[in-house]
Amino acid sequence: MLELRAIDAAYGNIQVLHQVSLRVEHGEIVALIGANGAGKTTTLMAISGLVPPRRGAILFEGRPVNGLPPDALVRLGICQVPEGRHVFPGLSVAENLDMGAFLRRDRRQVATDKEQVYNLFPALRQRRHQPGGTLSGGEQQMLAISRALMARPRLLLLDEPSMGLAPLMTKHLFATIVAINREQQTTILLVEQNANVALQVADRGYVLENGHIVMQDTAEALRRAPAVQSAYLGI
Amino acid sequence: MEYFFELLFSGLTRGSIYALIALGYTMVYGIIGLINFAHGEMFMIGAFTALIASSVLSIYHLPLPAILVLAGLAAAVWAGAYGFTVERLAYRPLRGAPRLAPLISAIGMSIFLQNYVLLAQTADFVPFPSLIPEFAFLEPYSAIINSSSLTILAVSTLVMTALTLLILYTRTGKAMRATAQDQKMALLVGINVDRIISFTFVTGSALAAIGGLLIASHIGQINFAIGFIAGIKAFTAAVLGGIGSIPGAVLGSFILGLTEAFATGYISSDYEDLFAFALLVLILIFRPAGLLGKATAEKV
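Line by line, the protein sequences are chains A and B.
For the record, in the first sequence the residue sitting at position 114 is 114 according to our numbering, with numbers rising by one throughout.
For the record, in the second sequence the residue sitting at position 204 is 1204 according to our numbering, with numbers rising by one throughout.
Check the hints yourself; a few may be wrong.
Only part of the chain B face toward chain A is listed, based on derived beta-carbon distances under 10 Å [as the list claims (entries may be wrong)]: (1) Arg1171; (2) Lys1174; (3) Ala1180; (4) Gln1181; (5) Asp1182; (6) Lys1184; (7) Met1185; (8) Leu1188; (9) Gly1190; (10) Ile1191; (11) Asn1192; (12) Val1193; (13) Asp1194.
Cβ pair distances, simulated, as ranges [unchecked claim]: (14) A:Ala111 - B:Thr1085: 32 to 42 Å; (15) A:Ala72 - B:Arg1095: 14 to 24 Å; (16) B:Pro1129 - A:Leu76: 51 to 61 Å; (17) A:Leu76 - B:Thr1085: 27 to 37 Å.
From the derived model, a few chain A residues whose C-beta atoms are all more than 12 Å from chain B [to be verified]: (18) Glu25; (19) Thr112; (20) Gln126; (21) Glu183; (22) Asn210; (23) Ala219; (24) Pro226.
To be clear, the hints were calculated from the coordinates, so they are not data collected in a lab.
All C-beta atoms, glycine included, are put in the ideal place defined by N, C-alpha and C.
The whole structure should be built from the sequences, with the hints applied where relevant.
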């Protein structure tokens, strides 16, 4: 479904990604793990069009999509939930969800999807008239994911969804992510520092170090790999 | 008491004109963090466009209200086109540049537009026809309010209500707020941020142009420089109310208008501008973010 072919990305003169290649198949959950500053977020930003790659190609459903503006990529079904949630603080919960569906014209279906999202996260229904900025961290993460779901994504890019969440909340969130993947057939590319949780829900994984992909395997195999265990799993 | 009401209405009239201009400053600042110093020129260009349009329309012997509406439309559309172009030429290429660069560019645009109108028109004040009909029912109150003041109040209330509804309830309005709050995220949900920014410039310029038409018809003369002082005053009002805040711009404008009217009426008309700026200094000492502005750390 998604393929990165040897992409390089840079901020000014500082090159962050070197020849990064990865694939995400339809229906998969793929984890991208790595330390702080390894280039995980930059990889997602390259896919969603915020940091267009300098070299290499990005293919979505076989078509090259690098260089397209972010709104064109959303239209194709690529939606990113950025690190730090980025809920619109002054917009109500309901308006945040409307913004997720910004490019959709099927109003009735949008209303149904909104109901579904409220069923998925009942806390959001209770707070639907409240400004997004007044929500707790966990609720904001739910809202950020729900907002992305409102776009009916085919590929969901999740950046550090567990960041700043209590362990119980993280568990609940990841259970929901798996449910979204299974029930709505949404393909997910997951970036996490919390490699443990990520490799538990993922089908396959990639390890990014200093802008290079250094390992790739099934999540199961990565969890057993000594290098991953010592560096990322704290075993 | 009659004098008090006369000053009150004069202050409200000024306030509504300031508000029509201040909204453009505050909306643009809210979205791209730029003080658009060329914004006052949209007010001036609106007045000139209305003058040209009304001269042409008067040939056809249309009724006065029709001329007013058509000239208003022409002014709004034409100034909107200027606002769009100015953003494209002077600000968009500097989007990623340090903050000072677009600011200088804005001042340059302001000077350019003034001189362009100076060359294309004249340096002298030109008479502006009264496009606002006399209302018979205002006859008994002629000492405190005239029909052009009432029209200014009514039109600006209408326009501001329409803008509020647009921003609160329409898809574009929500996208404007989203872009102002978090531009990167706005891109990620698929909002075409460039288009929202253009829309903001066009809307702000159109509002200022309507203000230009109304005040020109009220005062009866215009020249190329009227946008400068009106722009500075409206900018003051926007800062007073909290720049970036839409209700703040309206509140600040009415406070400024009323302060000027009462201070000139009861104290001295020689110090009109002094009162306006003294008020600004006072408010900024006690509330640096303005009356309705949020005190936030500078986001870099």
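Here is what the structure says about each hint:
{"no.": "1", "hint": "Arg1171", "in the structure": "7 Å, holds"}
{"no.": "2", "hint": "Lys1174", "in the structure": "6 Å, holds"}
{"no.": "3", "hint": "Ala1180", "in the structure": "8 Å, holds"}
{"no.": "4", "hint": "Gln1181", "in the structure": "5 Å, holds"}
{"no.": "5", "hint": "Asp1182", "in the structure": "5 Å, holds"}
{"no.": "6", "hint": "Lys1184", "in the structure": "7 Å, holds"}
{"no.": "7", "hint": "Met1185", "in the structure": "4 Å, holds"}
{"no.": "8", "hint": "Leu1188", "in the structure": "5 Å, holds"}
{"no.": "9", "hint": "Gly1190", "in the structure": "3 Å, holds"}
{"no.": "10", "hint": "Ile1191", "in the structure": "6 Å, holds"}
{"no.": "11", "hint": "Asn1192", "in the structure": "5 Å, holds"}
{"no.": "12", "hint": "Val1193", "in the structure": "9 Å, holds"}
{"no.": "13", "hint": "Asp1194", "in the structure": "9 Å, holds"}
{"no.": "14", "hint": "A:Ala111 - B:Thr1085: 32 to 42 Å", "in the structure": "39 Å, holds"}
{"no.": "15", "hint": "A:Ala72 - B:Arg1095: 14 to 24 Å", "in the structure": "19 Å, holds"}
{"no.": "16", "hint": "B:Pro1129 - A:Leu76: 51 to 61 Å", "in the structure": "55 Å, holds"}
{"no.": "17", "hint": "A:Leu76 - B:Thr1085: 27 to 37 Å", "in the structure": "32 Å, holds"}
{"no.": "18", "hint": "Glu25", "in the structure": "24 Å, holds"}
{"no.": "19", "hint": "Thr112", "in the structure": "18 Å, holds"}
{"no.": "20", "hint": "Gln126", "in the structure": "21 Å, holds"}
{"no.": "21", "hint": "Glu183", "in the structure": "23 Å, holds"}
{"no.": "22", "hint": "Asn210", "in the structure": "25 Å, holds"}
{"no.": "23", "hint": "Ala219", "in the structure": "27 Å, holds"}
{"no.": "24", "hint": "Pro226", "in the structure": "37 Å, holds"}
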